[in-house]
Amino acid sequence: MTLIAWRSIVCHKLRSILLALCVVIGVAFVAGTFVLTDTIKNVFTQVFDQAYNGVDVSVRTRSDVGGAWARAPIPADVLTEIRAVPGVRVAEGDVFTLGGRIFDAANNPVGNQFAPTFLASWPTESALNSFTLASGTAPQANDEVVIDLEAVTAGNLAIGDLVRIQTTRGTNDFRLVGVAKFGTANNLGGASAVLLTMAGAQIEAGRVGLFDDIAISAVDGVDPDTLQDRIQAVLGPKFEALTGTELSTETSGTINDQMAFFSTFLLVFAAISLLVGASIVYNTFAIVVAQRTKEMALLRALGADGRQVIGSILIESVVIGLLASALGLLGGIGLAIGLKSLLGLIGFSLPAGSLVILPRTIIVSVIGGMSVTVISAIAPALRAARVPPLAAVRSVTMISPQRRRSFLAVGAVVGVIGVAMTISGARSTSLVRLGLGAFCTLCAMSLLAPSIVAPFVHVLAAPVRRLRGLSGQLAEENATRSAHRTANTAAGLMIGTAVIAAALLLASSVTTSTTKILDRGMRADLIVGTGGLAGLGSDVTASLRAVDGVANVAPFRHGVFKIGDATKQLSAMEGAALDVTDPNAALDLDLVSGSLRALDTDGIAVSEKIAKSKGWKVGDTIPAVFATGPHPLAIRGIFRSNAFGDYVVSIATHELLYPDSFDMIAFVQVVDGTSISEVKSTITTRLATIAPAAKAQDRVEYAGVIQAQITQLLNLITALVLLAIIIALLGVLITMLLSVFERTHELGLLRAIGMDRRDVRSMVRWEAAIISTFGAVLGVALGVGLGYALTRTLRDQGISTVEIPFRSLVFMILLITVAGVGASLYPARRASRLNVLTAIAAQ
Amino acid sequence: MAAARLEHGSKIYGAGGTAVRALDDVTVSFAAGRFTAIMGPSGSGKSTLMHCIAGLDSLTSGTAYIGDEDVTAMNERARTRLRRERIGFIFQSFNLIPTLTAIENIVLPERLAKTKVDKSWLETVISQVHLKDRLTHTPTELSGGQQQRVAVARALVGRPQIIFADEPTGNLDSKAGAEILRFLRRAVDEFNQTIVMVSHDPVAASYADRIVFLADGQVADEMTNPTPAAILDHLKELSEASSPVSTGMES
Chain A
0 MTLIAWRSIV CHKLRSILLA LCVVIGVAFV AGTFVLTDTI KNVFTQVFDQ AYNGVDVSVR
60 TRSDVGGAWA RAPIPADVLT EIRAVPGVRV AEGDVFTLGG RIFDAANNPV GNQFAPTFLA
120 SWPTESALNS FTLASGTAPQ ANDEVVIDLE AVTAGNLAIG DLVRIQTTRG TNDFRLVGVA
180 KFGTANNLGG ASAVLLTMAG AQIEAGRVGL FDDIAISAVD GVDPDTLQDR IQAVLGPKFE
240 ALTGTELSTE TSGTINDQMA FFSTFLLVFA AISLLVGASI VYNTFAIVVA QRTKEMALLR
300 ALGADGRQVI GSILIESVVI GLLASALGLL GGIGLAIGLK SLLGLIGFSL PAGSLVILPR
360 TIIVSVIGGM SVTVISAIAP ALRAARVPPL AAVRSVTMIS PQRRRSFLAV GAVVGVIGVA
420 MTISGARSTS LVRLGLGAFC TLCAMSLLAP SIVAPFVHVL AAPVRRLRGL SGQLAEENAT
480 RSAHRTANTA AGLMIGTAVI AAALLLASSV TTSTTKILDR GMRADLIVGT GGLAGLGSDV
540 TASLRAVDGV ANVAPFRHGV FKIGDATKQL SAMEGAALDV TDPNAALDLD LVSGSLRALD
600 TDGIAVSEKI AKSKGWKVGD TIPAVFATGP HPLAIRGIFR SNAFGDYVVS IATHELLYPD
660 SFDMIAFVQV VDGTSISEVK STITTRLATI APAAKAQDRV EYAGVIQAQI TQLLNLITAL
720 VLLAIIIALL GVLITMLLSV FERTHELGLL RAIGMDRRDV RSMVRWEAAI ISTFGAVLGV
780 ALGVGLGYAL TRTLRDQGIS TVEIPFRSLV FMILLITVAG VGASLYPARR ASRLNVLTAI
840 AAQ
Chain B
0 MAAARLEHGS KIYGAGGTAV RALDDVTVSF AAGRFTAIMG PSGSGKSTLM HCIAGLDSLT
60 SGTAYIGDED VTAMNERART RLRRERIGFI FQSFNLIPTL TAIENIVLPE RLAKTKVDKS
120 WLETVISQVH LKDRLTHTPT ELSGGQQQRV AVARALVGRP QIIFADEPTG NLDSKAGAEI
180 LRFLRRAVDE FNQTIVMVSH DPVAASYADR IVFLADGQVA DEMTNPTPAA ILDHLKELSE
240 ASSPVSTGME S
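In the order they appear, the protein sequences are chains A and B. Letter 529 of the first sequence, counting from 1, is numbered 528 in numbering that gives the first Met the number 0, and no numbers are missing. Letter 94 of the second sequence, counting from 1, is numbered 93 in numbering that gives the first Met the number 0, and no numbers are missing.
So here's chain B without its partners, still in its complex pose (with noise of 0.2 Å):
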């Protein structure tokens, strides 16, 4: 069963003249247990698709699922209950509460969801981001990788159904991306958790199982098992065939 999935989701922002249709009538499905990326250009609608499915915003017509779950159907109450219960997030930067310590801010949603914490898991999370004596620190006093390791082991212990990544390395320096990117790696393929992370780096996507290239608010194509070089070229292809917009690597 897939983890994720959108069902002819259209979404358009403003109106009449000056709209701007971010998703056109895409079908996509994220399976669990997998790794996806999702990239395109700037403006190929990449984030809105997350957003949407995360049920951070709405669609204008079509459905999303979490599992068999309809978030569109949801009102705002469900939908809090959802993020709080299902889905783990690690964003591109602002990803922690300033006055909280790394250990909070770890265990935050579940003290949101006031749910006990599973202590032997959290530790082996915590060993898994290597962020043992960082715990105490607050985000102030942390790099910008280290800060992205708490926000991953963040989404971990939880345990959510499904995480969605938004260009979660789009800050840091190359080290410190593969970094990240081989925990989630990794959580995929030790924990069998399911991610979902939308990026525009080829090297970062090619830690996925699966690439969805999105274009103009569609789903140009798909790649499973890529390579950077792969990835590159296809995104050549794509820029090509949908051009003028180019493979912009601005965020």
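In isolation and in its complexed conformation, chain A is listed as follows (with noise of 0.2 Å):
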């Protein structure tokens, strides 16, 4: 049986190959996410390892709320005490915190925008400094700096330059003396540094007197476990010592977090991959197992059993899905490779590293190329070992799966399943419930789709016939002809546009309601803002309430705190500012109970929507927590419009909770009967001299900023489901192969009776087309729906209309016909060369 099944690969390469390239695919997908992220946390684990090598302890101050930049500095007198505990050979405090910008020559910011850049001390001691000096010296006086290698590479700097730096505190330059590496990495894992003096630092970052961090080296001979026993015996609760280890650990332990969340993404899209190749796999083995009736009742005849006709098709299928998989895995490496270049291309260099291959993701890859293969095999193979041997000598031409009842009654079953699925996930806001119910929906509609082909194909074919005429009549007849492989056939096409459609539908919605809450909630004229995580800084927005024609400067602060165990999200802004009654108001966030003018150091403004779930109403009281300890806060306020926050405080409060408090954005109100683009411009002449990174948009230029930052998304995912896509377009080449080998005496016969070849391959290339359209429809449908749903389970998160984009839906639609027509004209090209008198006598 094994030699049948080798056989069966061997003589029919073609289908064999492009078989095993639609499972390769999502295979590779699989392996190059899982190698990939290996690599990258692999890398960062021998990173953080090697800096932090020489710190045996290290010290800093307690915090709840958790997260590496909300924790208070450290008083300098506590070095002191450390000092003297037994066993410390050397002891540095550190400033280490978010909040630097380096500009070029041309003043503009070095280094990838989203990535942040640190600001930090540069520590005498050596063995406690996780830098290394690449070349120059370190820095001396306040106004020198070194800057990391990647980022001198990237700004074109040279030793000796006098370099732009915005800090917190302002915009200066700063002479660059010394060039560093993190360990052995160019820059630390994407972000740039900005190295000062002690002193500089602390003035640059507002820490005069403070420390971010102090790490201790202990005497040779005492154990770091013991020295971080004692120091933390002596520093008491307030404040924690870790071991050189256990800080590593830690650091690696958010980017392996980071990691997690970006394999998963990747690996829900690379799981749709499989899925379309599964069908595929299923429908191709159908099919084949359809035009081999007559030789499994042959087998039969001679005496092979149902388990060897099983067998044959499933040693098949494991043949070609451990084909798959291993090539599969070559190509996820291969991927890997050339995804880390692509990283290093636009700023995320990852230090060299040999490639991170665990025996997890060879098993992964292997098992999910296999089962694909191999289950989405065991239908067909049943199907084959029910052939009777008697089919051998009665003209029992072919089994073609008939409509059972029973698979319409499921079918239907799970679709009612899945939807009631969907809406319920859509109208708790449970995205889980959300993502199974559609799962169950696109099951159902693969299990419904063939009988809806027949009615459907005949509209859709409409004018094709009239068109085309005898070509386009066959065509359709052609695709009708067995519902099943039409169904099958377009359920790839189907789920890969049923992602992408919902991906559009989310994103038009997000776009509208974006612009609806800008053009209701947006009171300011101008909004000024860097796009970065450094924000603007603490003297911007001064500044620029000096400028001639502005009426009022409102800053936004941000930041996090604790309710309970939930982290939540906090903004901070002058509560005049959210007045609405008030003419310099730069936000309207529709105001329900109490007063955002009266926000005072002990007061917070909460979202309707959040007071609703906790019960809370104005004048309760809320036990938040911050970094800097408790603080609770009394509710003066309730507002609808939770665009900017669910959770509000003053800017004084702001000021009092965090130690780094700089502005974000600005919102600038230009007086009234003054020309908002003369104020843009001048505010950006301004800016240009104290605060490079930053731009002043209108309103309709900060949308537009929005926009772009959803198109940027929307394409990710797009080319992401492409994968997919294309994995159905190989099936629709496999299936038409298949017809057009399966129909070679009626193609002899309609070349005999006067068909020419271009009729012939006319008539291959509209059943394609019709099956991509219809696909293509059944996708856009239900995404659609699937996009709509998901749309009601976001409407927390500002989503207030849903806008079908009926022009990309419609061409969409339009290019994945000219896909499958393209994926047609080969099996086409074959129809029309057939030789006319050999195809009339084959079988």
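Please keep in mind that the hints were generated in silico from the structure rather than gathered at the bench. Remember, it's a predicted structure, so these values are computed and weren't measured experimentally. Just so you know, even glycine gets a beta-carbon here, dropped at the ideal spot from N, CA and C. A hint or two may mislead.
[Said to hold, decoys possible] Straight line, CA to CA, 25 Å or less: simulated DMTMM-like cross-link-like pairs of lysine to aspartate or glutamate:
#1 Lys613(A) - Asp63(A)
#2 Lys113(B) - Asp304(A)
#3 Lys694(A) - Asp671(A)
#4 Lys12(A) - Glu103(B)
#5 Lys611(A) - Asp599(A)
#6 Lys115(B) - Asp304(A)
#7 Lys12(A) - Glu140(B)
[Stated by the list, open to error] Covered by chain B, per the in silico footprint, the following chain A stretches (three or more residues, Cβ under 8 Å):
#8 1-10
#9 296-305
#10 385-391
Grab the two chains, each in its own frame, and use the hints to assemble them into the complex.
Here it is, written out as structure tokens:
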């Protein structure tokens, strides 16, 4: 039986290769995701191990909120206490915060805009320094700086240059005296670093007399754990001492968490690719088994039992599965290498290090590829085993799966469950339930699709018949001849199209909703921001207030805090800027009760959604916990529009509770009667000197930026789903090839009675067009439904309006139809080149 | 002892008004080591008779035996074993697995049964059917006659208790057909093989030791040591007796 399986593969090389390819793509996607994320994780673990190598113990303030950038600084006298602890060889405080920005000679920000820039002090004790000098010297004066090699290269900077650097304090020029590496890496995992003297860093970060951490090296022979315990005992519960190993583990743990999110995101799309691959494998085996009915019957007549027939088909699937898994694994490794260098090109350069291929990657890839192929071949194999031996002698030409009622019933039940779950998910804003519902609905659609092929195709093909006459009519008849085949081939396209359609609908809804929120809630004329993590710093707002024609500048800050165990995002604005009765109000949050003007350092405003879910009302006090400790806040107001956050405090409160309190963006109100664009250009000129990274935008531009971000995400999703669509198109190619092969005799007849080659080609192409359009239309219908449910599920995230992007959807259907025709070009050519006589002689 | 026999076998297709009685209480037996031909006009039940004895089809009533084993009492698994171990088949067309070479097709039943092939016997059979230089060819590279010779070799290699041949020359020209029939004849004469062949061709049937004539699902007559002329005469008589059915030459 192995021989028969093997011969079936070898004698139909093209079919086998195409089939394997469908699986290879999905497996490569899975393997690539694992290899890439494992490699990145490994690189960072190594880098941090190396960087913290000399640190035996590190001290910082204890924070209940967590998050690296939300800790209170350490007073300088703590360092004296630590130095007195027996076993401490050397201890040194350091400054290490977010919030720098490097500019090149042309005043453009250096480095990736999405990665942060750290502002840190250069430790004098080399054992405690995570950085090493690649060239130059350490900073000696407050205006001297060391910058990481990656940023120096990217910004085309040279030692001796005066470099503009924006910090929380302001923007100033520093003399570049040295270039640093972080361990063996050229930068700190994509982030740039501005390294100053201790005094310089303390000034620039607003930490005069304060440290972020204290790093300690132990006397030889003193165990870090022992030293940790001694220091902890001296410092008490307000501080925490960690060993270098713990610190390194914690830091790589943070990166591992981010990588886990990243890989889950990618794996969802890998799973879609595998799912589409599975449906193609199933369809192909189903067609091939039907075509080999006589062969199966002959085997049975010669004494093969059902198990041997099943075996011959499953072995074929195992061989293809193994081959595809192995190739997919290799492809995945190649993909990871490619993506790694791609990340380097956009500024996330990774330090050199070998690729990490864990046994888990190999196991998951092989099992994934194998199960996709083998499980998909089981149903066709069972069908093959049911072929009676008598079929070898009787003219039973083909066993096509008849439309069984149980099939329909299962489809209907799964469909009802899927739709119910989707609706309930949307109602209760449960993404998990929505996802499960969407999956069930997709499966049900695949089961039910065969029964709607005939009517659907008839309507769809009406223009084709009129346009193409006989070829068109035959194309339609061919498409409806085996409803299962058409539906299964279209199913792959349907899945991919549905995901893109849902994403399109979500994107257009988010864009429309954002525009509406801006129209209604945004009262400011201009928005000043950097788009980066660093924000504006503290002196920009004051400077903008002095600009002619500016009536008011309202800064916006942001931070995190905890209520119970949950970490929440918090926004800070001046109460007056939120008071719609004030002519200078920047935002209209749609006040429900209380007052926003009344926000004091003990007050907070919350959104109606949160207030309702927690049962809070104005006057209640909520137990908020910050990095600096617990700070109960009384609810002063409740508002409806949560586009700018669910929790709002005043700027004064923010300054009180956060060690690093600086403006993220600023809302500018222009004096009545002044031209907004004139004020904007004045501000832009001013910003070039005080904050080169910042930009002033009017409302339309601001909406455009948000839209661009949404489009970027949409493009990413489309690119990821594209692999699934390519697999589905391969499926169209395989189906058309098999159909042409199966219809050899009748194609010969058609040619014999006068159909010319062009007609034959056109007939095959139109059939592919009909199948593809069928899949695309079903996918769009499904995707719009799911996208609608998704927007409802995310309604609390600020998606207030549902907008169906008709033009894009229609365009997508056309595109997929054209791609489907493209996939059928080769089968069509093959059909048209058949030799008429041999074709007629074929069975 | 008979190699195969049918006792009071009836086969009815369909039900009610459209029911067709393909076999009507047929009792017939096929002697071991003999070449028997089953003849009859289209629809006379000759193929059904063969399929029922071979276990490819089931009887509505009656009993079929291969040797002394009751085929009708067997389940599907036992019938598969029976086909595998004791029966050889030669069909009119599509005898070979298209992806396997000639030699692989010949030993396919042994591979399915996971039994050892008798090497010297295999060589004897292959030289008998003149296939030595065609063994590594696939069916598409062989002529119709060569394909049927592969099928004959396959049937002979397992030394089955009985070979059923269903119109083995139906798709061949007379020269290739005669060759196949000579091989079958020699297998009976030299190796004492039992063969039952369904045919509507008097020339083909004349190679047999005995002919069983079927008409309307019943055994109409028998003839031993036939000649083509005698068979033709006989068929003519039969068709006159059971008109309006004609001696159709269609398969």
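Against the structure, the hints come out as follows:
no.	hint	result
1	Lys613(A) - Asp63(A)	holds, 22 Å
2	Lys113(B) - Asp304(A)	holds, 12 Å
3	Lys694(A) - Asp671(A)	holds, 22 Å
4	Lys12(A) - Glu103(B)	holds, 20 Å
5	Lys611(A) - Asp599(A)	holds, 23 Å
6	Lys115(B) - Asp304(A)	holds, 18 Å
7	Lys12(A) - Glu140(B)	holds, 18 Å
8	1-10	holds (count 6)
9	296-305	holds (count 9)
10	385-391	holds (count 4)
The structure is consistent with each of the numbered hints, conforming to all of them.
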